[in-house]
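As a plain string of letters, each chain reads:
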Amino acid sequence: MTATAETTSAAAPKDGDVLVDVRGVKVHFPIKKGVIFDRTIGYVYAVDGVDLQIRRGETYGLVGESGCGKSTLGRAILNLEPPTEGTVEFDGVDIASLSGETLRRKRQDIQMVFQDPMGSLDPRQSVESLLLEGMKAHGLAKNEKEANARLRELLKAVGLPAAALKKYPHEFSGGQRQRIGIARALSVNPKLIVADEPVSALDVSVQAQVINLLEELQDEYGLTYLVVAHDLAVVRHISDRIGVMYLGALVEEADAEELYEHPLHPYTRALMSAVPVPDPVVEDRRERILLTGDLPSPANPPKGCRFHTRCPWRQETRCDTERPELRSVQLEGVSPGHRVACHWAEQIASGELKPHEVKAQITEQSDLGGDEDLMGPASIQEAL
Amino acid sequence: MTETIENIQTRRGEDAGPLLSVRDLKVTFQRSGEQPFVAVDGVSFDVRPGQTVGLVGESGCGKSVTSLAIMGLLPERGVKIEGEVLYNGQDLLKLSRNQMRDRRGADLGMIFQDPLSSLNPVVPIGIQVTEVLERHRGLSRKAATPIAREMLEKVGIPDPNRRLTDYPHQLSGGMRQRALIAIALAAQPRVLIADEPTTALDVTIQAQILALLKELVEDTGTALIMITHDLGVVAGLVDRVNVLYAGKIVERGNRHELFAEPRHPYTWGLLNSIPRLDGTRGQKLTPIPGSVSDNLPWASACAFAPRCSQPIEVCREQQPELVEEGTRALRCFNPIDDEVRSGRTPDAQAPTSTQPRDAAYPTDDPKGDPTMEESR
Numbered sequence: 001m002t003a004t005a006e007t008t009s010a011a012a013p014k015d016g017d018v019l020v021d022v023r024g025v026k027v028h029f030p031i032k033k034g035v036i037f038d039r040t041i042g043y044v045y046a047v048d049g050v051d052l053q054i055r056r057g058e059t060y061g062l063v064g065e066s067g068c069g070k071s072t073l074g075r076a077i078l079n080l081e082p083p084t085e086g087t088v089e090f091d092g093v094d095i096a097s098l099s100g101e102t103l104r105r106k107r108q109d110i111q112m113v114f115q116d117p118m119g120s121l122d123p124r125q126s127v128e129s130l131l132l133e134g135m136k137a138h139g140l141a142k143n144e145k146e147a148n149a150r151l152r153e154l155l156k157a158v159g160l161p162a163a164a165l166k167k168y169p170h171e172f173s174g175g176q177r178q179r180i181g182i183a184r185a186l187s188v189n190p191k192l193i194v195a196d197e198p199v200s201a202l203d204v205s206v207q208a209q210v211i212n213l214l215e216e217l218q219d220e221y222g223l224t225y226l227v228v229a230h231d232l233a234v235v236r237h238i239s240d241r242i243g244v245m246y247l248g249a250l251v252e253e254a255d256a257e258e259l260y261e262h263p264l265h266p267y268t269r270a271l272m273s274a275v276p277v278p279d280p281v282v283e284d285r286r287e288r289i290l291l292t293g294d295l296p297s298p299a300n301p302p303k304g305c306r307f308h309t310r311c312p313w314r315q316e317t318r319c320d321t322e323r324p325e326l327r328s329v330q331l332e333g334v335s336p337g338h339r340v341a342c343h344w345a346e347q348i349a350s351g352e353l354k355p356h357e358v359k360a361q362i363t364e365q366s367d368l369g370g371d372e373d374l375m376g377p378a379s380i381q382e383a384l
Numbered sequence: 001m002t003e004t005i006e007n008i009q010t011r012r013g014e015d016a017g018p019l020l021s022v023r024d025l026k027v028t029f030q031r032s033g034e035q036p037f038v039a040v041d042g043v044s045f046d047v048r049p050g051q052t053v054g055l056v057g058e059s060g061c062g063k064s065v066t067s068l069a070i071m072g073l074l075p076e077r078g079v080k081i082e083g084e085v086l087y088n089g090q091d092l093l094k095l096s097r098n099q100m101r102d103r104r105g106a107d108l109g110m111i112f113q114d115p116l117s118s119l120n121p122v123v124p125i126g127i128q129v130t131e132v133l134e135r136h137r138g139l140s141r142k143a144a145t146p147i148a149r150e151m152l153e154k155v156g157i158p159d160p161n162r163r164l165t166d167y168p169h170q171l172s173g174g175m176r177q178r179a180l181i182a183i184a185l186a187a188q189p190r191v192l193i194a195d196e197p198t199t200a201l202d203v204t205i206q207a208q209i210l211a212l213l214k215e216l217v218e219d220t221g222t223a224l225i226m227i228t229h230d231l232g233v234v235a236g237l238v239d240r241v242n243v244l245y246a247g248k249i250v251e252r253g254n255r256h257e258l259f260a261e262p263r264h265p266y267t268w269g270l271l272n273s274i275p276r277l278d279g280t281r282g283q284k285l286t287p288i289p290g291s292v293s294d295n296l297p298w299a300s301a302c303a304f305a306p307r308c309s310q311p312i313e314v315c316r317e318q319q320p321e322l323v324e325e326g327t328r329a330l331r332c333f334n335p336i337d338d339e340v341r342s343g344r345t346p347d348a349q350a351p352t353s354t355q356p357r358d359a360a361y362p363t364d365d366p367k368g369d370p371t372m373e374e375s376r
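Protein sequences appear in the order of chains A and B. Oh and the first sequence: position 323 is 323 in UniProt numbering, straight run, nothing missing. Oh and the second sequence: position 15 is 15 in UniProt numbering, straight run, nothing missing.
Careful: at least some of the hints might be erroneous.
Said to hold, decoys possible - In silico DSSO-like pairs for lysine-lysine, Cα to Cα no more than 30 Å straight-line: (1) A/Lys191 <-> A/Lys166; (2) A/Lys191 <-> A/Lys167; (3) A/Lys156 <-> A/Lys142; (4) A/Lys191 <-> B/Lys284; (5) A/Lys354 <-> B/Lys284; (6) B/Lys214 <-> A/Lys354; (7) B/Lys94 <-> B/Lys154; (8) B/Lys284 <-> A/Lys359; (9) A/Lys156 <-> A/Lys167; (10) A/Lys106 <-> A/Lys191; (11) B/Lys284 <-> A/Lys156; (12) A/Lys359 <-> A/Lys303; (13) A/Lys33 <-> A/Lys106; (14) A/Lys142 <-> A/Lys166; (15) B/Lys80 <-> A/Lys359; (16) A/Lys26 <-> A/Lys106; (17) A/Lys145 <-> A/Lys106; (18) A/Lys156 <-> A/Lys106.
Calculated directly from the structure, the hints in this document are not laboratory data. Keep in mind that this is a model prediction, so the values were computed, not measured.
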């Protein structure tokens, strides 16, 4: 695996200053069973070999459906979920090698914005105390006067009035709470902000406010973002580069514009054709690639290409035996930074291979644990 | 192709007259010691056979309460329901609880947002489908089982024989939603209400479910009431769109005309605030300022005025009426005109988009959030 990791990342472009370098990262969660003896009866392969680089000042969008491992990867980059294998280098330092106090101090540079602003803000802390906590922990609130000035600056940056300081999270609307969450992340001057589904809990009319705010803050503070989301339209709007994940691995990575113009992986194509567009004229004309069946269980991923069980372009050879690597392809209109993990990307792009019908395969929701333990497997599914 | 099907449907629908007709529905939640809250405020719409009618809006606009009121699923205590829900000319709101139980499932089916919490976790899927057939069609369990299998197959559940004995937790999210649709359709209701049926699902699964619903409406002539916040879903599925804001319908129209020519500033604002997959990148979104809780009371003003992009004086002084005009209806004193619309974001749809759109949006600043002092 180490060998393949090196070859693929060597193929990746080296332009720009790399802030985060993820190499061969795997996160496997053990599935335990038994009361007295904790036997490990299998693993959930949540993230299974991901290489990606995030350049300074860019927004990297990670998109995929639920259970594809995108959130786990985001957490692995913050070392909230220590990788089972592989390394995450942040600003030249291997995060996994840090521990204790050094790791805690490093966290000042990497902050997170969560999906549910109500769940991620302590209901019993005022906004002032919420924002000060991080600053104090990192020694940024030396004297009261300075801290107060900084608090006001933060609130102004996220578009909240100074009167908000004395209020509590429940006094705000969803969009405003998300602004508080963003202010808290900003309070310690981070270099990278990992935003996990930053707008999906918000009303449609408010989503745009938060998206615009994130963009403005990036311009103002030169932030680097990793945005993890399931909504391809939102990710495409906000990101410079996008990585598409399927069942624990990247299947395609490209510039946002190019990914839309020239999607190469069958899964990316299907995903894009499934996103509804608010325009009846477009909707009536569109050809949908309807995928059959569901996402296979990450505890028992298909052999070979993970997408082959649902792929309309699946071929007799290679797809079910050989796992494709993320590679650059030589095609017109496709830049070298555009990587895809498909054996047949060129043939599909040229139209040489045509999609065919796929019969839905039954996805086992109870792969593990056997019949006597009906609730067990279900809770694993939910845990994802 | 889709166009012709739609035409046929509309024609068929117009001949048949409305199947379900909601008239001046008003739902008030009252709790002792608290101000009564009007969740749905005089909503009227018709649904014809084979037609898909959409109720669109954000959280708190009253779209779900409307559906629960139609189904008679609101609690009796603390809720006051006024108006009429006419099904084949009969007012469902006047029926007793037992009479309504005979109607629910048989004449009116409902699909909820979260399939896991709407399915009984300790009863196999097959029994949950046959239950409906036993209750409403008087079949024995033995006779109902083959029909249940057929239903599961029809909604695209592979290996239905085995699935009959499976429990909800053994199915994936998409399969659960299909099972829920099978239950809702088992007794062949003529009206189907789908309350955010795809919101909890992934996009590729959403596409499957929407295709299934579309097919059902086309094949069986079921009338579908689609409740959603997703304008993308509306654009692909719904024939008649009702846009709700704070409990009232603010705009109504057929799907093509509504999207091509939105007249209410709220509809227009919604369309401009969502990023489009096929839009131009690098363009700033135009959000609607404030949040859904920043409303004025409808009794003396337009509830949307505090968030509106072009409010005029009268908006804060008087209640706008829903004015019908041909196939469209609008509740606004100062609707979006052609000039503003042509300055719309340069999508593929607007070839004459040369004017700067900022001119139309003086309050473009998302930071100018006026909600702080009002929010509770």
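* **Hint check against the structure, violated hint numbers in rising order** => 5, 7, 8, 13, 15
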